[in-house]
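A.B. asks: Work the whole structure out from these sequences, hints included.
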Amino acid sequence: MSLQLFQKPVVEKFVKFTSTTAGRDKSYRGVQFFARFLVWYLSRKGYDKEIIQRFNLLKNTLGSSRKLFRVGKFVEHLQNASKALNNTEGFAKFSTFGRQICYSIYLFLDSLSWINSTGAYKFNQIKRINETSARFWFIGIIFSISNGIYKLNQNKHRHDHFEKVSRSKLAEKDEHTNIRAETAKLKSERRALIRQMTIDFLDITIPATVLGYIKWEDGIIGLAGVISSILGAQPQWKKL
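The letter at position 66 of the sequence shown is residue 68 when you use this note's numbering, and the numbering goes up by one with no holes.
Keep in mind that the hints were calculated from the coordinates and are not lab data. Be aware that one or more of the hints could be misleading.
Simulated crosslink set (BS3-like; lysine-lysine; CA at most 25 Å straight-line) [unchecked claim]: (1) 217 with 129; (2) 158 with 129; (3) 241 with 153.
Between beta-carbon pairs, the in silico distance windows are [unchecked claim]: (4) 155 with 63: 39 to 49 Å; (5) 154 with 236: 18 to 28 Å; (6) 168 with 66: 51 to 61 Å.
Model, not experiment: these values are computed from the prediction. Glycine included, each C-beta is placed from N, C-alpha and C at the ideal position.
C.D. replies: Next comes the structure, spelled out in structure tokens:
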């Protein structure tokens, strides 16, 4: 009977989700930031130091594992930056290119940080490397938020245009059908943009804290990371 539990659709879906690199990273990220929250919460409540140390070790181990997953990923962002120059126009080109370049530098420096943490090679300027990595992550998210605002504005203009046409008595029946399809598509696009911007606003608190721009406690950052991890995982989960 107990083995039948593992044949449940939700379990099969979870297995498929975690069988992908992105799925595992989102899962590890969520647990990592939840552990960060627990370390903060248990410390404030005066729990046994050994228990706190276990969660702290879990947080650090998952963080190191995720850095390993990302080694070499900076090349992918360089490719995306190159594509942005050819496939986008105007402000979208600028913001997308800026985001991809910043993420590429952030991930490259993040890989150096992982190498340092393994002891394979010790960098004398590791503190500066980590701060520079966080700075490019922060700037990359700013570009992402700017791109989201720009696309939301474009989305609104297109939606208003179709709404205006649909209210026109001169519009043909087939045209109304096409307008409904386009409007539904724009609403779906808008939801995706709002989701991504929410993730960006939550995630930007992490490098902002590292850089000293804000003074939020670890528990708040931990919860922000958990929520952004769940939001980031939902689209992929729904596809399965």
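A.B. asks: Give a verdict on every hint.
C.D. replies: Against the structure, the hints:
1. 217 with 129: holds (19 Å)
2. 158 with 129: violated (44 Å)
3. 241 with 153: Given that 25 Å is the threshold and the Cα spacing comes to 24 Å, the pair holds.
4. 155 with 63: 39 to 49 Å: holds (42 Å)
5. 154 with 236: 18 to 28 Å: About 19 Å separates the Cβ atoms of residue 154 and residue 236, which means 18 to 28 Å holds.
6. 168 with 66: 51 to 61 Å: Holds, since residue 168 and residue 66 (Cβ atoms, about 54 Å apart) stay within the stated range.
Checked against the numbered hints above, the structure violates only hint 2.
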